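J.: Protein chains in written order, with our numbering: chain Z, 88 to 223; chain F, 88 to 223; chain G, 88 to 223; chain V, 88 to 223; chain A, 88 to 223; chain E, 88 to 223.
Hints are computed from structural coordinates only; laboratory data are not their basis. In this text, all values refer to a predicted model and were calculated from it rather than measured experimentally. A few of these clues could be false.
Pairs count within a copy or across copies, as identical chains cannot be separated in the list.
Said to hold, decoys possible - DSS-like cross-link-like pairs, simulated, lysine-lysine; straight-line CA separation at most 25 Å:
id, residue 1, residue 2
1, Lys-137, Lys-151
2, Lys-200, Lys-178
3, Lys-200, Lys-137
4, Lys-154, Lys-137
5, Lys-137, Lys-119
6, Lys-200, Lys-154
7, Lys-151, Lys-119
8, Lys-172, Lys-200
9, Lys-172, Lys-137
10, Lys-200, Lys-119
11, Lys-119, Lys-172
12, Lys-119, Lys-154
13, Lys-151, Lys-200
14, Lys-178, Lys-119
Here is what each chain is made of, one letter per residue.
Protein chains: 6
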Amino acid sequence: MIYLTRRADFSASHYYHNPAFSPEENARVFGKCANLNGHGHNYTLEVTVKGDVDATTGFVVDLKDLKTLMEREVIGAMDHRHLNKEVPEFKDLIPTTENLAIVIWNRLEPRLKIARLHRVRVYEAEDLFADFYGEA
Amino acid sequence: MIYLTRRADFSASHYYHNPAFSPEENARVFGKCANLNGHGHNYTLEVTVKGDVDATTGFVVDLKDLKTLMEREVIGAMDHRHLNKEVPEFKDLIPTTENLAIVIWNRLEPRLKIARLHRVRVYEAEDLFADFYGEA
Amino acid sequence: MIYLTRRADFSASHYYHNPAFSPEENARVFGKCANLNGHGHNYTLEVTVKGDVDATTGFVVDLKDLKTLMEREVIGAMDHRHLNKEVPEFKDLIPTTENLAIVIWNRLEPRLKIARLHRVRVYEAEDLFADFYGEA
Amino acid sequence: MIYLTRRADFSASHYYHNPAFSPEENARVFGKCANLNGHGHNYTLEVTVKGDVDATTGFVVDLKDLKTLMEREVIGAMDHRHLNKEVPEFKDLIPTTENLAIVIWNRLEPRLKIARLHRVRVYEAEDLFADFYGEA
Amino acid sequence: MIYLTRRADFSASHYYHNPAFSPEENARVFGKCANLNGHGHNYTLEVTVKGDVDATTGFVVDLKDLKTLMEREVIGAMDHRHLNKEVPEFKDLIPTTENLAIVIWNRLEPRLKIARLHRVRVYEAEDLFADFYGEA
Amino acid sequence: MIYLTRRADFSASHYYHNPAFSPEENARVFGKCANLNGHGHNYTLEVTVKGDVDATTGFVVDLKDLKTLMEREVIGAMDHRHLNKEVPEFKDLIPTTENLAIVIWNRLEPRLKIARLHRVRVYEAEDLFADFYGEA
Numbered sequence: 088m089i090y091l092t093r094r095a096d097f098s099a100s101h102y103y104h105n106p107a108f109s110p111e112e113n114a115r116v117f118g119k120c121a122n123l124n125g126h127g128h129n130y131t132l133e134v135t136v137k138g139d140v141d142a143t144t145g146f147v148v149d150l151k152d153l154k155t156l157m158e159r160e161v162i163g164a165m166d167h168r169h170l171n172k173e174v175p176e177f178k179d180l181i182p183t184t185e186n187l188a189i190v191i192w193n194r195l196e197p198r199l200k201i202a203r204l205h206r207v208r209v210y211e212a213e214d215l216f217a218d219f220y221g222e223a
Numbered sequence: 088m089i090y091l092t093r094r095a096d097f098s099a100s101h102y103y104h105n106p107a108f109s110p111e112e113n114a115r116v117f118g119k120c121a122n123l124n125g126h127g128h129n130y131t132l133e134v135t136v137k138g139d140v141d142a143t144t145g146f147v148v149d150l151k152d153l154k155t156l157m158e159r160e161v162i163g164a165m166d167h168r169h170l171n172k173e174v175p176e177f178k179d180l181i182p183t184t185e186n187l188a189i190v191i192w193n194r195l196e197p198r199l200k201i202a203r204l205h206r207v208r209v210y211e212a213e214d215l216f217a218d219f220y221g222e223a
Numbered sequence: 088m089i090y091l092t093r094r095a096d097f098s099a100s101h102y103y104h105n106p107a108f109s110p111e112e113n114a115r116v117f118g119k120c121a122n123l124n125g126h127g128h129n130y131t132l133e134v135t136v137k138g139d140v141d142a143t144t145g146f147v148v149d150l151k152d153l154k155t156l157m158e159r160e161v162i163g164a165m166d167h168r169h170l171n172k173e174v175p176e177f178k179d180l181i182p183t184t185e186n187l188a189i190v191i192w193n194r195l196e197p198r199l200k201i202a203r204l205h206r207v208r209v210y211e212a213e214d215l216f217a218d219f220y221g222e223a
Numbered sequence: 088m089i090y091l092t093r094r095a096d097f098s099a100s101h102y103y104h105n106p107a108f109s110p111e112e113n114a115r116v117f118g119k120c121a122n123l124n125g126h127g128h129n130y131t132l133e134v135t136v137k138g139d140v141d142a143t144t145g146f147v148v149d150l151k152d153l154k155t156l157m158e159r160e161v162i163g164a165m166d167h168r169h170l171n172k173e174v175p176e177f178k179d180l181i182p183t184t185e186n187l188a189i190v191i192w193n194r195l196e197p198r199l200k201i202a203r204l205h206r207v208r209v210y211e212a213e214d215l216f217a218d219f220y221g222e223a
Numbered sequence: 088m089i090y091l092t093r094r095a096d097f098s099a100s101h102y103y104h105n106p107a108f109s110p111e112e113n114a115r116v117f118g119k120c121a122n123l124n125g126h127g128h129n130y131t132l133e134v135t136v137k138g139d140v141d142a143t144t145g146f147v148v149d150l151k152d153l154k155t156l157m158e159r160e161v162i163g164a165m166d167h168r169h170l171n172k173e174v175p176e177f178k179d180l181i182p183t184t185e186n187l188a189i190v191i192w193n194r195l196e197p198r199l200k201i202a203r204l205h206r207v208r209v210y211e212a213e214d215l216f217a218d219f220y221g222e223a
Numbered sequence: 088m089i090y091l092t093r094r095a096d097f098s099a100s101h102y103y104h105n106p107a108f109s110p111e112e113n114a115r116v117f118g119k120c121a122n123l124n125g126h127g128h129n130y131t132l133e134v135t136v137k138g139d140v141d142a143t144t145g146f147v148v149d150l151k152d153l154k155t156l157m158e159r160e161v162i163g164a165m166d167h168r169h170l171n172k173e174v175p176e177f178k179d180l181i182p183t184t185e186n187l188a189i190v191i192w193n194r195l196e197p198r199l200k201i202a203r204l205h206r207v208r209v210y211e212a213e214d215l216f217a218d219f220y221g222e223a
């Protein structure tokens with residue numbers, strides 16, 4: 088059993104807003120992130136898959152396939168986008184780092200072949216990241 | 088003569104749009120950056136000052152003063168903001184990395200005391216940065 | 088279940104010395120770290136908490152609270168300090184990276200609300216770090 | 088129980104080639120890595136050991152011993168080498184990041200004293216790494 | 088006048104060998120780099136151009152053009168290649184970091200339009216890099 | 088003319104204190120750095136030399152010689168040391184990043200052969216560094 092991790096970057100905008108909160112609550116809970124003009128980040132995504140090493144290739148997963156999947160489901164959909172306005176899952180879900188990790192897991196997990204998804208890590212910045220392992 | 092450099096980070100949104108261009112021109116020239124929903128980055132700012140070392144302190148500049156100036160003129164004004172909508176200089180100026188370096192120079196240079204401003208470097212991402220030395 | 092990690096930095100001095108060892112033993116076991124004049128590091132602390140995502144905020148933990156706790160219990164107590172001389176836990180405990188991770192766990196774990204502490208990681212340098220999960 | 092991790096770097100060449108594959112299959116499966124002239128990387132190795140903290144030293148493992156072991160078994164054997172031609176394990180094994188992690192585990196695990204090997208991580212580049220925990 | 092820098096990475100093999108030297112001289116002068124099996128690196132290239140900011144675009148250079156040029160002249164020609172065997176300039180020139188910076192300058196400088204090339208920086212590793220400004 | 092830069096790291100303690108200042112002045116001017124127990128950093132040193140490329144080696148300077156010089160004059164003298172107490176230059180000079188860059192220049196410049204010293208850069212941390220070019 089080997090765990091293989093691939094990183095990729097994307098840049099996106101977002102803001103934090105709960106329509107059920109009063110303006111004061113949004114400001115208090117979300118601080119500077121409540122600014123509805125939005126702000127943005129260079130996100131780093133780490134996708135970790137696990138499986139056995141194929142004896143004929145030395146690979147646990149074909150990296151080209153993994154890269155294509157990450158490109159189609161995440162980078163192509165989120166890079167240079169406004170997460171609240173352009174990524175459907177965030178229509179009614181606040182795009183925190185935690186929720187971003189879950190959304191990306193849900194996009195990748197059903198489409199992975201051979202190897203299994205082990206972890207999705209999303210860095211919002213060097214000093215803040217969230218990990219999701221698909222656990223309830 | 089010593090050159091001292093201080094880094095600081097801020098996160099902001101922006102888009103690239105020239106109202107004198109047709110929609111097709113904006114799309115062709117600015118590519119994914121033309122998306123009017125905006126996208127964002129974790130910017131890194133490096134401010135370099137130069138001067139002689141004060142014999143009584145060993146400092147070329149009081150770092151607390153420099154930090155206060157950078158905080159007030161740049162981080163406080165741009166962090167968690169939309170550059171096009173909330174930073175006045177970008178009302179009619181495209182917020183490219185190049186222009187951001189010039190705008191920050193113009194904010195810092197007249198307010199620096201004792202040491203002189205030598206360079207403003209702005210990283211939009213690890214693989215792209217602009218340097219401005221105040222040269223015409 | 089989501090795991091959220093926050094990084095913070097602090098700079099401190101320390102030395103390694105066991106009063107039960109002879110001077111020769113201290114020198115042999117601890118090498119350059121046995122120098123009683125002390126030396127120092129830029130430490131990086133990573134605190135990982137785990138819990139469920141709150142549906143109204145998208146947060147597993149309020150980052151402002153976590154930052155305040157890390158600031159009060161670790162950064163405020165250890166930054167620009169001499170670990171052996173100024174942090175009470177190291178009065179009779181050698182401030183290795185391993186023990187630093189345990190000491191920080193013991194400071195944070197009883198004071199965390201809602202989310203649970205999962206891991207404390209301490210980097211003494213880029214090429215050396217210790218992880219503690221609270222396991223006996 | 089504490090986990091301690093030590094990093095080290097080495098630079099090496101390799102190529103990917105399965106003699107049971109046709110030239111076309113090698114090109115299709117391995118892409119640019121199939122070039123028999125070889126190419127290379129600055130690899131980063133992270134070795135994580137686990138154990139109890141020794142009360143007299145504050146160490147889970149003597150770092151000098153760990154460094155000596157890593158130097159002898161990995162850095163000395165692989166740095167500035169061609170993995171396919173000069174590291175015996177890769178005579179009939181494709182030197183992918185996955186297999187490199189397993190080979191390094193097998194070199195280190197039987198020779199570690201006191202602490203136990205927990206994980207071998209090998210970075211081929213910043214955006215690709217493999218983890219091996221010794222699990223079948 | 089603004090300076091804009093773009094980074095890109097490539098992985099390649101090389102060795103150092105002067106056919107006019109005796110085997111002993113090659114070994115003494117080039118150390119581990121003299122191994123004719125070759126070894127490799129993840130190189131990082133930084134290309135800095137300088138010029139005025141175009142008022143209609145905010146750019147000193149069209150980044151897509153610069154990226155295309157770097158891709159064609161450097162990455163496409165050197166990534167996953169053996170520098171001594173596959174890059175013509177190194178047929179009779181030792182592929183040190185110094186010479187690599189000069190070779191890349193000579194490939195880029197005549198093909199840059201509008202902005203002028205200011206500096207080529209090549210990192211062989213994080214702790215070693217060469218800068219060339221085109222100065223005799 | 089090529090510029091070659093070599094990095095190296097060292098860990099050291101220091102404090103800032105001017106005996107001509109009152110205790111209040113020391114506290115006000117130097118803040119947390121005035122703590123006489125000392126604190127420490129992982130310093131990163133970058134030494135840049137310049138010269139012509141030797142046609143027989145492809146080197147501007149023999150890296151082994153440069154490494155030996157840096158090791159003897161800087162790393163061996165400052166690593167795991169208390170700068171105020173163990174580095175003679177700082178007996179009456181405050182060990183700021185600025186002064187450290189000058190002291191290291193003065194140790195290296197007279198001992199460099201063939202290539203000339205161009206710049207000494209000292210990082211006290213990722214977000215603070217000083218450059219000295221030997222200019223009065």
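J.: Now, for every hint given, state plainly whether the structure supports it.
T.: Here is how each hint holds up against the structure:
| no. | hint | verdict |
| --- | --- | --- |
| 1 | Lys-137 x Lys-151 | within (16 Å within a copy, 33 Å between copies) |
| 2 | Lys-200 x Lys-178 | neither (29 Å within a copy, 30 Å between copies) |
| 3 | Lys-200 x Lys-137 | within (11 Å within a copy, 29 Å between copies) |
| 4 | Lys-154 x Lys-137 | within (15 Å within a copy, 29 Å between copies) |
| 5 | Lys-137 x Lys-119 | between (38 Å within a copy, 24 Å between copies) |
| 6 | Lys-200 x Lys-154 | within (13 Å within a copy, 33 Å between copies) |
| 7 | Lys-151 x Lys-119 | between (39 Å within a copy, 11 Å between copies) |
| 8 | Lys-172 x Lys-200 | neither (30 Å within a copy, 33 Å between copies) |
| 9 | Lys-172 x Lys-137 | neither (33 Å within a copy, 29 Å between copies) |
| 10 | Lys-200 x Lys-119 | between (41 Å within a copy, 23 Å between copies) |
| 11 | Lys-119 x Lys-172 | both (19 Å within a copy, 15 Å between copies) |
| 12 | Lys-119 x Lys-154 | between (34 Å within a copy, 15 Å between copies) |
| 13 | Lys-151 x Lys-200 | within (13 Å within a copy, 34 Å between copies) |
| 14 | Lys-178 x Lys-119 | both (20 Å within a copy, 21 Å between copies) |
Violation of the numbered hints given earlier is confined to hints 2, 8, 9; the remaining hints are satisfied by the structure.
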